[in-house]
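*Asks:* Chains as they are written, first to last, in the numbering used here: chain A, 5 to 357; chain B, 5 to 357; chain C, 5 to 357; chain D, 5 to 357.
The reader is advised that the hints may include incorrect statements.
Identical chains share a label here; the pair holds if one copy fits it or two copies do between them.
Each computed BS3-like pair below joins lysine-lysine, with the alpha-carbon atoms no more than 25 Å apart [unchecked claim]:
id, residue 1, residue 2
1, LYS261, LYS201
2, LYS274, LYS261
3, LYS261, LYS202
4, LYS274, LYS353
5, LYS261, LYS192
Just so you know, the hints here were simulated from the structure itself, not pulled from any lab data.
There are 4 protein chains.
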Amino acid sequence: MFNLGNFLTLCTLGESHGPAYGGIITNFPAGVSADLEMVQHQLDRRKPGQSNIVTQRKESDKVQFLSGIFDGQTTGTPIGFIIENHNQKSGDYEHLAHSYRPSHADFTYDRKFGIRDHRGGGKSSARETVNWVVAGSLARQILPAEVTIEAYVSSVGDIFCEKPYQDLDLSKTDESDVRCPDPVTAEKMISRIKEIKKEGNTIGGTITCVIRNMPAGIGEPVFGKLQAELAKAMLNINAAKGFEYGSGFCGARMTGKEHNDLFNEDFSTKTNLSGGIQGGISNGMDIYFRVAFKPVATLLRNQQSVDRHGNTVTVEGRGRHDACVLPRAVPIVENLAAFVLADLYLINKLRKI
Amino acid sequence: MFNLGNFLTLCTLGESHGPAYGGIITNFPAGVSADLEMVQHQLDRRKPGQSNIVTQRKESDKVQFLSGIFDGQTTGTPIGFIIENHNQKSGDYEHLAHSYRPSHADFTYDRKFGIRDHRGGGKSSARETVNWVVAGSLARQILPAEVTIEAYVSSVGDIFCEKPYQDLDLSKTDESDVRCPDPVTAEKMISRIKEIKKEGNTIGGTITCVIRNMPAGIGEPVFGKLQAELAKAMLNINAAKGFEYGSGFCGARMTGKEHNDLFNEDFSTKTNLSGGIQGGISNGMDIYFRVAFKPVATLLRNQQSVDRHGNTVTVEGRGRHDACVLPRAVPIVENLAAFVLADLYLINKLRKI
Amino acid sequence: MFNLGNFLTLCTLGESHGPAYGGIITNFPAGVSADLEMVQHQLDRRKPGQSNIVTQRKESDKVQFLSGIFDGQTTGTPIGFIIENHNQKSGDYEHLAHSYRPSHADFTYDRKFGIRDHRGGGKSSARETVNWVVAGSLARQILPAEVTIEAYVSSVGDIFCEKPYQDLDLSKTDESDVRCPDPVTAEKMISRIKEIKKEGNTIGGTITCVIRNMPAGIGEPVFGKLQAELAKAMLNINAAKGFEYGSGFCGARMTGKEHNDLFNEDFSTKTNLSGGIQGGISNGMDIYFRVAFKPVATLLRNQQSVDRHGNTVTVEGRGRHDACVLPRAVPIVENLAAFVLADLYLINKLRKI
Amino acid sequence: MFNLGNFLTLCTLGESHGPAYGGIITNFPAGVSADLEMVQHQLDRRKPGQSNIVTQRKESDKVQFLSGIFDGQTTGTPIGFIIENHNQKSGDYEHLAHSYRPSHADFTYDRKFGIRDHRGGGKSSARETVNWVVAGSLARQILPAEVTIEAYVSSVGDIFCEKPYQDLDLSKTDESDVRCPDPVTAEKMISRIKEIKKEGNTIGGTITCVIRNMPAGIGEPVFGKLQAELAKAMLNINAAKGFEYGSGFCGARMTGKEHNDLFNEDFSTKTNLSGGIQGGISNGMDIYFRVAFKPVATLLRNQQSVDRHGNTVTVEGRGRHDACVLPRAVPIVENLAAFVLADLYLINKLRKI
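Construct the entire structure; sequences and hints are all you get.
*Replies:* Encoded structure:
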């Protein structure tokens, strides 16, 4: 209960200022030659300090595998891993021990559990996503080699990448610090983030993810429709506020005549407003979806708030935080999608006898 | 696996043209005086033929309980129910036995399972939602009496209800055939749907759902954040294309300074861009979210398509279908939300010892 | 949660005196030509009134499938079924509404749920096993055709079938009313049951189950070892008190030198004290296990007991009950084993990539 | 899937010769003042080298908690822990890399996964049970303080502790190296084990477990009957061959008149052949059960066997192994039972509203 995945599952441990993060992946098939450098590469794409527009915190984020891989191959038994925490400055958070930061999880954790680890948000910290990147980047290795999963920053605040994904070269995403593959838009986004950062403020945005060459048949109606599983995973990411796939919210403004994707004789469709999914099952066309992220709640400026007794306090803005999480969220979205797809891909193998 | 819910679960049966729909609700607590008239009332809100803007199909949709309720009280054992199908005209669908309708699940079911019940879409039919309405309207009875769950049609095509939900009287939603509580907007929506219907076309829209008086503490990070569980449920509804909560996609355009919800001394917040959820857990403020629905794929006009061999065929437009599913989707959204909330509400009782 | 099975799951509904039993089987693969006569045959093997040593209650036990089977083939969507209850004489049980029958579940259900359906034991009735027989006999059709699952009555009270299963012709089991394939022992058992019945008493016994030709590799360490999954299923049967496999409790008296099964060059083993399972995984040898059943608690003689207020009452012995459930439990054991094996058989297909 | 527990769950990692064992406990309630010394004490009861009748391997088995406990209290978030492996002499096992040891899991793992970690049995090693002891001894702290869970060695080979558990002082169990609370029987058992050890042989036995003061109402029919959940857990222990509760296999020889437990006016029963469980639910009487263990398969003498190509090989008897695992299995049985009970105890809190 409350693991990621249905058959292939990830169960996680770790808190912002505990000794380590980690996880256990269950039901990973045996015989996969695990590319652990790829796993570390994905972790490196997520880690802080990669460029001057993200947080300068230092987190080395080295993953160590504890079980389930032998002589470079998965053994079919649970894959355990940990990522040790270093450079935790718990002292940084003592001033927050009794305060509730606005739009953070401080108040809700306290109400729910009656206790909270206030250091860096404890379990509510977005650092939890290191676990997901490890698991997702391993899970990606279960999928057919031709499947590609590519996410990019499609907007920052009011700056949108206007080109459709088909007109972008997604292999260039990592070339810009903001992970937008359109160089002109990327420049504007970077300037905007720098401005915002100077103000001690933060800014939101959207990430678009495109999955190509996924075979038809993936997804489990009901209640495991492909879009529902993707939405669930994405809305577990800290700061995610919305999810749409295919035509999404725009589709709600259209008529059926405009929206229906007519078939070609090879079963591909002339348009793809369906976003590669019909009836909750992939149809072989590109799967694409978009995730909205709110601006990070931690500001580098003082905010009025309350403590756990309802007394007014000032929450000081200090520490090393992202002015915009979008660039670092790109590998999270990709690898989380990979995990969801790998889970449903395995399950689909049991659908026909 | 692939049930609705985590602890409180719903497992369903039924196909469009089989003898019956039905379901089993597991882990429903004992001792609830079940209001079965309310269940039937919710089913009636969903059924076809309620007004002249929805399909004129006749489905009586009477629920029969088979177990788990004794002398009017739930017994704590599985609640089984069925809704018999009547008036199935399988013959209506014979012309579709080998055709793939555009933007339906015909092709994907065939690819996935190698076999499909073509009559009315079989398992992919939206008639499956009768089960969800039964289960959700029972589950609603687990929640504290003061919790209200109210959905309404907030847009049809390009016609939007511009007022925020706070300015609407949601008790008036059912007074208009289109289930929009703002009479002026409702009129426009109805006219638009009639136009569209006349053309044999269909149209999409959005539903907004507002949950009031939910206690703080509901939702399970990670991976059972309240918004993620709601999103998963909503995106399992046929035709749903997107989900956003609180500030949603608009929040992605904002800065942290604008977006943070500052606390009052009673722990309520001055604004509620968070949508009543912080860190995946309810904070006691209104929970609100919006679901996008694409236009129905079944048109009352001929469409070009292919059969399972890739030959071009004409899919004829005939039968009794909705030009706009939004009004009938309102009780589906509400009762599905009720099920999700009841599940997480029960689980939360075990969080503190 | 609390379904039967892990991937292939059965969720059930029904109570002794409700309108129907039934269930939903999820994740059954598509494309199985379902032999529904075999399902009915297995139900008939379980039903009362088959011979003069079992209860003479009349239960027709006709299964009706509601979904998941189309044109004789499974469609991969949930298989729903019901078995209507007939001939329920609720009045028979009014005298028990407030009494707790000794060694029944009356007291514990009341303590647990605060409410109970006293008519025939409600959910605690062994009639629930009709659902398991339906699901198990369908699941058996997923297994390779050469797999055989054969159970028989190996003891009644102190009368034991002394021959090892290898020396019995298990195809003859149904030829005797008591379902013991050794005619001499069967005669003794039948005489013993008739004696016991005349006294208004009941008697226990054991069932041995033998599974042949199961491929190696089935079972999921940890925590889904084949023997553990079988034990869990068997100990959910009403009246089951113990489970052992292979050498079982006798093995606990042996030394390693005596107990180890040495390999032949074809990987079969010279002995099979392991019972076809090593490390929780089938090894290709015969799987065999034994289940102990206590005597039925319902006697046809008066017993002293208490009501829900602790007052002394007399529980009258009347009604139509089995003096020995063992013969009717044989198909329950077989079909339950089939369900467990089919579930693990499917899962094993995902173990290697 | 394949975790231990239903709501309270344990997911584990680790292999005999990997860097560490560990696990993640999910849904542990917040606010438990965790007695971590008790956890370490239970681990110490399980570890090798405690006396001269068990293996002299040195395993320090120190548990380190990585998350879920803050300032000595559980936080309600996942509890992660690891136990580092030391003193692994992988070289000890090189001679076994291609051999299949008789009655081990070598052959079945190879067939199932196509790959195996041959060092010390990899995942199939009984060292996995360190994880269960950690999780179980924490879970025990959820149960009401008055609940006691006491296991002891009730037989070794043909030497049985003839006294019923009621006549034994179970607080004395740990005073004997063999963990049998009857000093005379304990002496005989120890002598027998020493003899067996001298021969390079091994021997089986049984463990009896007694749970007192468990409230009525625990256990979930169907399919989570208390006895079924206990049986499943116990039969996941390496070398376990059978499980019985209450009258067990003896009950199968009795008549209903002998077997029924008549009620006293306080709802206790005059006898307790039910073993504290009726209809799958605890009734407030002592719960007791017995587990059979086969003799360990690893002998300190040479055995004929085959390699993975079917060639005859000699498996040499060497290393440091237990001649009788029973004494060290006592804390495994107790703590595993504690986990099962805590899981069902929590779930039962949601049964009545």
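*Asks:* Decide, hint by hint, whether the structure agrees.
*Replies:* Evaluation of the provided hints:
no. : hint            : in the structure
1   : LYS261 x LYS201 : between (46 Å within a copy, 12 Å between copies)
2   : LYS274 x LYS261 : within (13 Å within a copy, 44 Å between copies)
3   : LYS261 x LYS202 : between (49 Å within a copy, 13 Å between copies)
4   : LYS274 x LYS353 : neither (28 Å within a copy, 36 Å between copies)
5   : LYS261 x LYS192 : between (37 Å within a copy, 21 Å between copies)
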